[in-house]
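Residues per chain are reported as follows:
2 protein chains.
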Amino acid sequence: LAAGRARIAVDAMGGDRAPGAIVEGALEAARELGQDVVLVGDSEVIRRELDRLRADLPVQHASQVVGMAESPSDALRRKRHSSIRIAFELVKRGEADGVVSAGNSGATLALGMVVLGKLEGVDRPALASLLPSLEGRTLLIDVGANVDCRARNLLQFGLMGSLFLQHVLGVDKPRVGLLSIGEEDSKGNELVKRANELIRAGSLNFVGNVEGRDIFLGGADVVVCDGFVGNVCLKLAEGLAEAISRMLRTEFEGSLSSMAGYLLARGAFGRFKKTVDYSEYGGAPLLGINGIGIVSHGKSSPKAIKNAIKMAADFVRRDVNRHLTAGLKANAEMVAKAVAAGAEIG
Amino acid sequence: LAAGRARIAVDAMGGDRAPGAIVEGALEAARELGQDVVLVGDSEVIRRELDRLRADLPVQHASQVVGMAESPSDALRRKRHSSIRIAFELVKRGEADGVVSAGNSGATLALGMVVLGKLEGVDRPALASLLPSLEGRTLLIDVGANVDCRARNLLQFGLMGSLFLQHVLGVDKPRVGLLSIGEEDSKGNELVKRANELIRAGSLNFVGNVEGRDIFLGGADVVVCDGFVGNVCLKLAEGLAEAISRMLRTEFEGSLSSMAGYLLARGAFGRFKKTVDYSEYGGAPLLGINGIGIVSHGKSSPKAIKNAIKMAADFVRRDVNRHLTAGLKANAEMVAKAVAAGAEIG
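These protein sequence lines map, in sequence, to chains B and R. When we follow our numbering, the leftmost residue of the first sequence carries the number 1222, and every step to the right adds one. When we follow our numbering, the leftmost residue of the second sequence carries the number 1222, and every step to the right adds one.
One or more hints might be untrue.
The list cannot tell twin chains apart, which means a pair is met if one copy fits it or any two copies do.
[Said to hold, decoys possible] No more than 27 Å apart at the CA atoms, straight line, and that leaves these computed lysine-lysine pairs for BS3-like:
| hint | residue 1 | residue 2 |
| --- | --- | --- |
| 1 | Lys1558 | Lys1394 |
| 2 | Lys1524 | Lys1339 |
| 3 | Lys1313 | Lys1558 |
| 4 | Lys1394 | Lys1313 |
| 5 | Lys1414 | Lys1524 |
| 6 | Lys1520 | Lys1550 |
| 7 | Lys1394 | Lys1524 |
| 8 | Lys1558 | Lys1520 |
| 9 | Lys1313 | Lys1408 |
| 10 | Lys1313 | Lys1550 |
Since the hints were made in silico from the structure, they are not lab data.
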């Protein structure tokens, strides 16, 4: 694909603020970034939004919508014409190069895997999330695609996360850490202890076990964990950030001098909020599928959608999946040996 | 034991600020709360601290100290005369009623279990931690005693956490949530799905699955998880709070008006910091051992130690272990039935 020609299919129906915020975000990507997009969903609804914005963008009709609370298996079986599915089918038919959805994330994961299949050498695709850290950012992988994992899955998550950072975000030799409850190799549950051995034997820039605190304080560029732990972490961080911000607000409302202080300090708060704002990154890439899928937050703003579309397009242009396939292949022999040697049982 | 006569053995050698902060905290507990304490550790060192503070408290000599980085198994095998061990032995001999240690937490867990044994009906003792929430506080259990768990362990953690909140902190019918990655019963890994069934069958005030965000936003009084997940959560929360506070500080240093704002708002920050300050709670109770052990943070201040001693004494006075034993017994038959029915395999 020529640079700039990546075409991104955007699920216009998914997310708490769909279709309005989604269509607006796609429009910003088209206008500000010159990005080629196609909006997927109920064409009447989408046309109405475009009219409201006095704009025009390509639309692909999809007659069904997966609800935010629907189970992925229901979405797979009963919604053959959902906007998420049609978006992935555009990629499969070569009519688009990547998908962005802020809709039901479980359904997006499942449909991405079912419609596009997995990359060669990938046992389990994984969802990666960029989180702010004092050093800039940390990629946490997996944040929810695989709740029960084997050690080899964690190794592959590390590989995929590392190659993504390297090729999409230009991080040189990303440092990969394994999320555990102590830095020593002997610390952790059975899964993590086995994964530590396996990752250490691989070709990654492995910095060993890291702890929950390191995700935000820095020390590793990629932090590897199973999807249950990663999802708990993601939501815990969201909840804590919200709780801290609400507690601070309550405190500031307590007295006139604090209120005055708050007003003076507002600029600092604004800049801080931007630092921890996930919409700067736009979405979480689903790594390991034979195509490109970005899962955006359900509450995505137009800006988050625009940035997710940008991430998907960069993903295409940098040909990340070719790098992933090559990287996985280079490590496959080592994994096979380790498995044969019994390092991987669980 | 008569009210007020609980005697707490305090490990004077454990923690980053030992012995100074520990001896000071014990002294505050004695003077401000009329608490009966005994300081355990190198008697010469402790006497020197007491002299410095112009105070006197009972001292029990212990010739060894477990280092903060030592493995629990080394502490068990090689340190027969460690201050932590001697403290638990005082409880075993009936010369003290509970232990507080800010030292090596793994060693404290291991020694508490080995020296005192488990309560009848407890398969695995667990470490519980009180975290601040918008509703007040949430008890997270287990935060590190058991990295690989079975469903029945999680049920028992829920029972113990619930009884602790009820009898030590006076929470009426504590709401128990199971930490998962979605509120539906079907969400979670294998362990959590089985635990959900088991806890639902029990006699707890079970509110179902909760997510990471609920720990800080509220919705459950007790949040149950395995010790790996709980420890990751605890350290993640610590790291995120630290990162947010450092990012805010950097922002405030950026301009004169923000600095002025910060100075005006300082009171609000101070009150906020107090809300999230673990030293208000003092420590994490080790629930399920045949005795009382409170694990304090390695960085404990005198105030944190004082509050941990108060928690241990309340634990004794409210006779929590009798309530725990009775509660576990009342649920034992249900667990046995569920296990026999195959609800518990993993």
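Inset, instruction - Find the hints from earlier in the document that the structure breaks and name them by number, from lowest to highest. - result: 2, 3, 4, 5, 6, 7, 8, 9
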